[in-house]
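**Q** As given, the protein sequences belong to chains A and B, one line each in that order.
Note that my numbering numbers the first sequence so that position 89 is 89, with each residue one more than the last.
Note that my numbering numbers the second sequence so that position 95 is 1095, with each residue one more than the last.
Note that these hints are calculated values from the structure, not bench results.
The structure displayed is predicted, hence computed values, not measured ones.
Certain hints may be false.
Unchecked claim - In the DSS-like style, the derived pairs of lysine-lysine whose C-alpha atoms are separated by at most 25 Å in a straight line are: (1) LYS38/A <-> LYS22/A; (2) LYS40/A <-> LYS53/A; (3) LYS38/A <-> LYS1069/B; (4) LYS1097/B <-> LYS1052/B; (5) LYS38/A <-> LYS1003/B; (6) LYS1097/B <-> LYS22/A; (7) LYS18/A <-> LYS53/A; (8) LYS1069/B <-> LYS1052/B; (9) LYS53/A <-> LYS19/A; (10) LYS1069/B <-> LYS1003/B; (11) LYS53/A <-> LYS1097/B; (12) LYS22/A <-> LYS53/A; (13) LYS1069/B <-> LYS1097/B; (14) LYS41/A <-> LYS9/A; (15) LYS41/A <-> LYS1052/B; (16) LYS22/A <-> LYS40/A; (17) LYS9/A <-> LYS40/A; (18) LYS40/A <-> LYS1097/B; (19) LYS1003/B <-> LYS40/A; (20) LYS38/A <-> LYS9/A; (21) LYS1097/B <-> LYS41/A; (22) LYS38/A <-> LYS18/A; (23) LYS1003/B <-> LYS1052/B; (24) LYS9/A <-> LYS19/A.
As the list claims (entries may be wrong) - To be clear about the criterion: a stretch of chain A counts as covered by chain B if any three or more of its residues have a C-beta under 8 Å from a C-beta of chain B, and this derived list gives those stretches: (25) 46 to 55; (26) 107 to 113.
Cβ atoms here follow ideal geometry from the backbone N, Cα and C, with glycine treated the same way.
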Amino acid sequence: DTEVTQTPKHLVMGMTNKKSLKCEQHMGHRAMYWYKQKAKKPPELMFVYSYEKLSINESVPSRFSPECPNSSLLNLHLHALQPEDSALYLCASSQRGSDTGTGELFFGEGSRLTVL
Amino acid sequence: DAKTTQPTSMDCAEGRAANLPCNHSTISGNEYVYWYRQIHSQGPQYIIHGLKNNETNEMASLIITEDRKSSTLILPHATLRDTAVYYCTPLNFGNEKLTFGTGTRLTIIP
């Protein structure tokens, strides 16, 4: 199983809503990532979790709150978002930092978020 | 982190070899060169990586110059399904922080 599964695929929310994006992988990877991608732009790194601990936060606004409940799951909690936060949110996992594998990142298909 | 320079866009005829260059002149000695591609509306997909030797897998070949300041990704027989944005990124194998440059939008022409 080399899949990273993201749900939901599409999400529409108002600026006062609270919602969550979910990501799951069963490859035993130690690192999980959230990226944000605007149209016609490259993905931008938001957060990295390593061994279920937040290791990188790229100065992301607090209205985005990541959570890693266990080694297979990664959530992104959304609250009080702005219309400019509308984007494709990509989750990825990797075995980076270990001696196994190629160090590649496996990406999910993304959750397309629209903030009204 | 090393920065990269890639052409904004390229066209290639179907069935021909697509050669995508990447300049990474500030790459450090322990950084590998990774290539990913992103087909429209999908997540990025790993293609290949290398340190200093040329590499080949079922998807592509990677040619790295001797001074490691640039590399070329080669898709030997491009198909329409290879139309995508291609990103190269230097990365230390133990580094978790993978970032993307602007990439090259490759269009395969029938």
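**Q** With reference to the structure, classify each hint as holding or not holding.
**A** Hints, one by one, checked against the model:
{"no.": "1", "hint": "LYS38/A <-> LYS22/A", "in the structure": "holds (19 Å)"}
{"no.": "2", "hint": "LYS40/A <-> LYS53/A", "in the structure": "violated (31 Å)"}
{"no.": "3", "hint": "LYS38/A <-> LYS1069/B", "in the structure": "violated (29 Å)"}
{"no.": "4", "hint": "LYS1097/B <-> LYS1052/B", "in the structure": "holds (21 Å)"}
{"no.": "5", "hint": "LYS38/A <-> LYS1003/B", "in the structure": "holds (21 Å)"}
{"no.": "6", "hint": "LYS1097/B <-> LYS22/A", "in the structure": "holds (21 Å)"}
{"no.": "7", "hint": "LYS18/A <-> LYS53/A", "in the structure": "holds (23 Å)"}
{"no.": "8", "hint": "LYS1069/B <-> LYS1052/B", "in the structure": "holds (10 Å)"}
{"no.": "9", "hint": "LYS53/A <-> LYS19/A", "in the structure": "holds (22 Å)"}
{"no.": "10", "hint": "LYS1069/B <-> LYS1003/B", "in the structure": "holds (11 Å)"}
{"no.": "11", "hint": "LYS53/A <-> LYS1097/B", "in the structure": "holds (15 Å)"}
{"no.": "12", "hint": "LYS22/A <-> LYS53/A", "in the structure": "holds (17 Å)"}
{"no.": "13", "hint": "LYS1069/B <-> LYS1097/B", "in the structure": "holds (21 Å)"}
{"no.": "14", "hint": "LYS41/A <-> LYS9/A", "in the structure": "holds (19 Å)"}
{"no.": "15", "hint": "LYS41/A <-> LYS1052/B", "in the structure": "violated (29 Å)"}
{"no.": "16", "hint": "LYS22/A <-> LYS40/A", "in the structure": "holds (24 Å)"}
{"no.": "17", "hint": "LYS9/A <-> LYS40/A", "in the structure": "holds (19 Å)"}
{"no.": "18", "hint": "LYS40/A <-> LYS1097/B", "in the structure": "holds (21 Å)"}
{"no.": "19", "hint": "LYS1003/B <-> LYS40/A", "in the structure": "holds (19 Å)"}
{"no.": "20", "hint": "LYS38/A <-> LYS9/A", "in the structure": "holds (16 Å)"}
{"no.": "21", "hint": "LYS1097/B <-> LYS41/A", "in the structure": "holds (18 Å)"}
{"no.": "22", "hint": "LYS38/A <-> LYS18/A", "in the structure": "holds (21 Å)"}
{"no.": "23", "hint": "LYS1003/B <-> LYS1052/B", "in the structure": "holds (17 Å)"}
{"no.": "24", "hint": "LYS9/A <-> LYS19/A", "in the structure": "holds (13 Å)"}
{"no.": "25", "hint": "46 to 55", "in the structure": "holds (count 3)"}
{"no.": "26", "hint": "107 to 113", "in the structure": "holds (count 4)"}
In this structure, the hints that do not hold are numbers 2, 3 and 15, in rising order.
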